[in-house]
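Knowing the structure of chain A, use the given hints to seat chain B on it.
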Amino acid sequence: MSILEVHNLSVRYEPRAHPPLTAVRDVSFDIAEGEFVGLIGESGSGKTTLGTAVLRLLERPGRISAGSIVFDGRDITHLAEDELRPIRWRDLATVFQSSMNALNPVTRIQAQFRDAIEAHSQLRSDAVTALVRQLFEMVLLDPAFLTAYPHELSGGMKQRVNVALALADRPRFVLLDEPTTGLDVVVQRSILDRIRSLQRERGFAVLFISHDIGTVLDISDRILVMYAGRIVESRPAAALLADPLHPYAKGLLGSYGDPRAETVHLTYIPGRPPDLTRDLVGCPFAPRCPERIARCLAEEPPLTPVGAGLVACHVARQQRAPAPGDDRTGVPERTRGFAGPTFVRSGEPAATERGPTILELVNVSRVFQRRRGLTVHRMTAVDDVSFTLARGRIAALVGQSGSGKTTIARLVTGVDRPSSGSIRFHTPDTTVEVEKLRPRSLRRYRRHVQMVFQDPYSSLNPTLTLGYALTRPLQNHLRLGRAAAHARAVDLLETVALTPGERFLNRYPHELSGGQRQRIVIARALAAEPDLIIADEPISSLDVSIRAEILELLHKLVTERDIGVLYITHDLLSARMIADEILVLNGGRLVERGSALDVIRHPADEYTQMLLDAIPNPFGRLSIDTI
Amino acid sequence: MTAPATPAGEAPGPGGGPQHWYTVIWSSAKARIGIVMLAGYVLVAGLAPLIAPYSGTRADFDPLLPSGSTHWLGTTSQGGDIFSQLIYGSRVSLLVGLFGGLLATVISLVIGLIAGYQEGSVADDALSFVTNVALVVPVLPLMIVLISYSDVRGLPLIVGVIGLTSWAGPARAKRSQIITLRNRDFVTAAKFAGEGPLWIIFREIMPNMMSLVAASFVGAATGAIAAEAGLSFLGLGDSASISWGTMLYQADAQGAVSQGLWLWLLVPGLTLALLITALTFINFGIDLISNPHLRED
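Which chain is which? The protein sequence lines are A and B, in order.
Position 361 of the first sequence, counting from 1, maps to 379 under my numbering, and the rest follow consecutively.
Position 106 of the second sequence, counting from 1, maps to 115 under my numbering, and the rest follow consecutively.
Extracted from the complex, chain A is given alone in its bound form (with noise of 0.2 Å):
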């Protein structure tokens, strides 16, 4: 019995100033009772917008503008508000993605749970104070906290508050929207181990949305892969893994890998989903299909049963199901991983022969102090860490959130001084010392220090084109006139593969793909040709299935130019993608550091054994071979 019926469903943005365009096309799935169902894809799928348009949120502009809803039997389609009101949360409850924010700040958490019970409940006083308890306990909270503030929780604390409050009704159905972006790793696995337990033990059906397809894959019974507004495949999610039909799905999978392996490969998926505003023939992923044959290009697939799940692939369906009139020329033969662009990573260690030391850190410390009325609160963020860095070599320094990774990052580019300890950068004729310089120096400094920031949507200034953020390191550092800065421009954006480079000089970041801009953002810190890189989360706010393409990209450049680089992260896989050695930070201190391939291997300490076992692994239930 399905808890949940969609059928045909579309979704139209139709907004005055912008062109209108279908983000959900033709969605039909149903969700059992008690199933919990992922949903993965790319960023601007339309994953959120289907979750949005089922629990009949969606605002304007966007409407649905075909299809139904059948929940529980009943059409709710075109309900009214009054009529939709005692469902929602008593039948259809819901964490959202910017759950940091669902909370009312200036409300007590135990009266938001008051006010959600209260409404579809005949319970008062002091049978809801108990529920709240229960609910507490329930994901393991201290009940300490039902009288707290929100501001007094941290971001775990307030998504196990808000899983709670979504199961406060003992709702029937659950929509998980990304519940656990933005949190730590460690936090976010501890929290969907969470729901899954409850899950199971209450029986409610979910529908988990995410991009993370490893945390997807990991936890849910059946998984939709969406694409470009259309869901593209529909398996149980042991299938899929084993199995994959869709090359999108391959690509996907393909973008994860463990980094216990001898090697490591993985593959990413080459271009950007379609522009949904256009009208689109044929399979909107045949551009970026490695396996495309004629036929993609004039027909769309349609979402047809193959064994035990459907897909909308000709290819597939052809491998696995041939009809009698198939033209089967051209079609390639059946692969489990994607067949496009890999990045590779074997065991063997690089070069072994140590360049020269470019850059040293000696017993740093860094405290902050804070003053509240008479006592002064010290919190110690780096606590006497000391590591060199050899020219040519990358480093990843890895941590959870806290960990004091990026208040390194900011000493060593003299951004903040230790408050002890010395940060030694060596050039061939110099040693300078980092935190003894002042402003005028800093600025000489920098010409041979160089970031990469986390999130290049906000690195890269909006109002300013890209021809401008590249030719001005080099008219600033290293002295280029206007011409020859405007030729070296085009230089760099070529090796970064954005080609031909004239075409994107005169270009805004707005008009450009998440991953284009990274590029930009690399070949920026590549332009004054600094001797040190820090790179800071450089691909965590990408797409998993363009990850691996900057991860490369960025190891082939430093490494062709001989240029240092502290690889920031909390991501042990893409440590060990790109990193010679890695270096463990816990709480300010580091705990171990060795050979990439050593520390993930044989952890030494109990916390890098923690951060790995945080990784999802879908891939340990497989035997290493198949991979």
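Don't take each hint at face value.
Distance condition first, Cα-Cα at most 20 Å in a straight line; then the derived EDC-like pairs of lysine to aspartate or glutamate [unchecked claim]:
1) Lys200/B <-> Glu547/A
2) Lys200/B <-> Glu453/A
3) Lys200/B <-> Asp473/A
4) Lys200/B <-> Asp434/A
Calculated from the structure, these hints are not laboratory results.
Showing chain B alone in chain A's frame:
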């Protein structure tokens, strides 16, 4: 995808980027009305010699003629044509609005942006202190004192005094805006690109707050037009030129109300009120740029 597969699609996309500011402003009905009204005023001021039947300063007609075919709105007690004065008066109001608004905006930009960018430093403390003092000093008495101490009278003096007394509020607004912008990654990136602080403030950050700058310019221009009218009404204006303020001053001084000469008083007052209304309407449109939540989608 009407065109067949382009390899890897490296071309920059069409980008659903930010709308152009002018389409945003024009999308507001109120702003459209305001722009049309302002355009009307600008047109009249520009073509004043063609539109006005007589020179604005000519005063050799019979005094106190009623409105009629030769003098549409009648004449003043000194024998000036009210309609011609009204037309020429728009020039002064618009010029004062433009330059007074510009001056106040430029001062507020320099002080607010530098103070905000260096928040917490000695420079910020000093600039913020000056701003706070300028905020609490009563503006009208200060303007009166400044003008009465000056040896020369004239439009530049009025514009200067208005600019110097009305930058403080906008400066504070800009200071708080730059405080939220200066921690963006692109500012850090500019430091790594080797830019100096002044370049970062005015070339990198300022274009990101143009809607606030534009809104504060329109606000300052409105204030300047009103202040000029007020000062002229008090008799502190430029007696050599004709503005709506001096018309009101004359009308009041000659007892227009007691003599029942309503048109003389009402017409310049109403024209002034409509111009200020137009500018306020335009500001509704500018608000849409800085606050997308207000846009009717």
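Here is how each hint holds up against the structure:
1. Straight-line distance between C-alpha atoms of Lys200/B and Glu547/A comes to about 16 Å, which keeps the hinted pair within the 20 Å bound.
2. Between Lys200/B and Glu453/A, the direct Cα distance comes to roughly 17 Å. Compliance with the 20 Å bound is thereby established for this hinted pair.
3. Taking the CA atoms of Lys200/B and Asp473/A, the gap is about 17 Å. The hint holds against a cut of 20 Å.
4. Simply put, Lys200/B and Asp434/A have alpha-carbon atoms about 14 Å apart, close enough for the 20 Å limit, and the pair holds.
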